[in-house]
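Peer 1: Next come the chains, spelled out residue by residue.
There are 2 protein chains.
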Amino acid sequence: MSNPLNLSAPAGEPSMDYSREFDFPVSDVFRAHTDPELFARWIGPQDLTTRIDVFEPRTGGAYRFVQCRGEDEYAFRGAFHALRQDDFVLQTFEFEGYPDVVTLEYSTFTELPGGRTLLTGRSLYPSVESRDEFLGNGMEEGMSSGYNQLDDLLASLPTEAPEGRE
Amino acid sequence: MSNPLNLSAPAGEPSMDYSREFDFPVSDVFRAHTDPELFARWIGPQDLTTRIDVFEPRTGGAYRFVQCRGEDEYAFRGAFHALRQDDFVLQTFEFEGYPDVVTLEYSTFTELPGGRTLLTGRSLYPSVESRDEFLGNGMEEGMSSGYNQLDDLLASLPTEAPEGRE
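If you're matching them up, the sequences are chains D and E in order.
Letter by letter, the first sequence follows residues 1 to 166 in the numbering used here.
Letter by letter, the second sequence follows residues 1 to 166 in the numbering used here.
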């Protein structure tokens with residue numbers, strides 16, 4: 001059974017906050033966000049496949065990935081402003097179909113008791129309108145579906161089972 | 001005589017907008033923003049000297065520079081999310097003394113008649129409080145002083161004099 005995605009988008013502020021727990025240790029959850037092969041296996045809605053073009057998971061690195069459904073392609077790109085192992089990622093994020101509308105994405109990885117993880121995210125948009133447009137285009141459903149796929153991926157990783165996890 | 005810096009920081013919104021005209025062509029103004037040797041000669045208040053640590057002026061590149069006054073050092077770093085020659089730069093910006101408080105900085109370079117340039121900037125802060133703290137710590141004066149130094153630098157560059165410029 002999956003943990004819920006908790007997402008809030010305060011009225012009148014160009015931001016979005018979310019949190020999601022995982023029944024897996026921080027090191028695994030962080031790795032799935034920063035290892036391009038793992039990342040491509042869970043990010044986004046289930047009916048899209050992801051191709052990684054560039055992925056330099058380090059402070060000052062860049063990334064670009066393309067999601068495909070049949071002949072449709074959706075490309076996303078940005079820079080890693082900061083990356084601290086098992087702790088924190090701050091990146092820019094742009095959907096190339098919506099050029100120069102760039103989001104700043106803060107992700108914090110916190111260890112919970114029992115080998116579990118809390119992921120906390122904060123996204124800052126250039127305007128309330130652009131945030132609402134992303135939300136209106138299925139972003140929450142896409143994130144939720146992606147995190148459920150991430151659960152499945154994490155369950156399949158060959159890792160030591162921490163306490164409190166089946 | 002220098003052109004004024006026009007800066008506005010709307011109440012309750014975590015942003016800042018500014019514009020500044022230059023009596024020099026776009027190619028020169030853009031070059032002074034993206035050539036590390038030139039950039040170090042004008043950025044920031046007059047009583048600071050600037051050392052460039054990293055400067056990769058391209059989409060996906062990183063930068064870091066350190067400003068010194070006596071033994072005091074102030075370091076700034078970020079990533080170039082997008083850079084289009086003579087047109088547009090979008091970069092992240094962090095003062096290392098205020099860690100993880102990261103600004104998104106949009107800069108647009110527009111050609112004006114007579115070989116002149118309009119620089120338009122928009123900075124997005126993580127909060128109104130952080131923006132106001134930067135403003136309260138002399139940011140506007142530092143920018144204004146830097147642009148006056150940029151005028152002097154541009155006047156000294158060996159370039160073809162465009163129409164309408166002495």
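No lab work stands behind these hints: they were computed from the structure.
Hints may contain errors.
As the list claims (entries may be wrong) - Which chain E residues face chain D? A few, computed with CB under 8 Å, are given here:
(1) Ala62
(2) Gly78
(3) Leu112
(4) Ser123
(5) Leu124
To be verified - Chain D stretches covered by chain E per the calculated footprint, using a threshold of three residues with CB under 8 Å from any CB of chain E:
(6) 90-98
(7) 140-154
Said to hold, decoys possible - Far from chain D, some chain E residues (derived; all Cβ distances over 10 Å):
(8) Arg41
(9) Pro45
(10) Arg116
(11) Asp132
Beta carbons: idealized from backbone N, C-alpha and C, even for Gly.
Peer 1: Hint by hint, say whether it matches the structure.
Peer 2: Verification of the supplied hints:
no.	hint	result
1	Ala62	holds (3 Å)
2	Gly78	holds (6 Å)
3	Leu112	violated (22 Å)
4	Ser123	violated (11 Å)
5	Leu124	holds (6 Å)
6	90-98	holds (count 3)
7	140-154	violated (count 0)
8	Arg41	holds (24 Å)
9	Pro45	holds (25 Å)
10	Arg116	holds (24 Å)
11	Asp132	holds (16 Å)
Violated hints for the displayed structure, listed by number in ascending order: 3, 4, 7.
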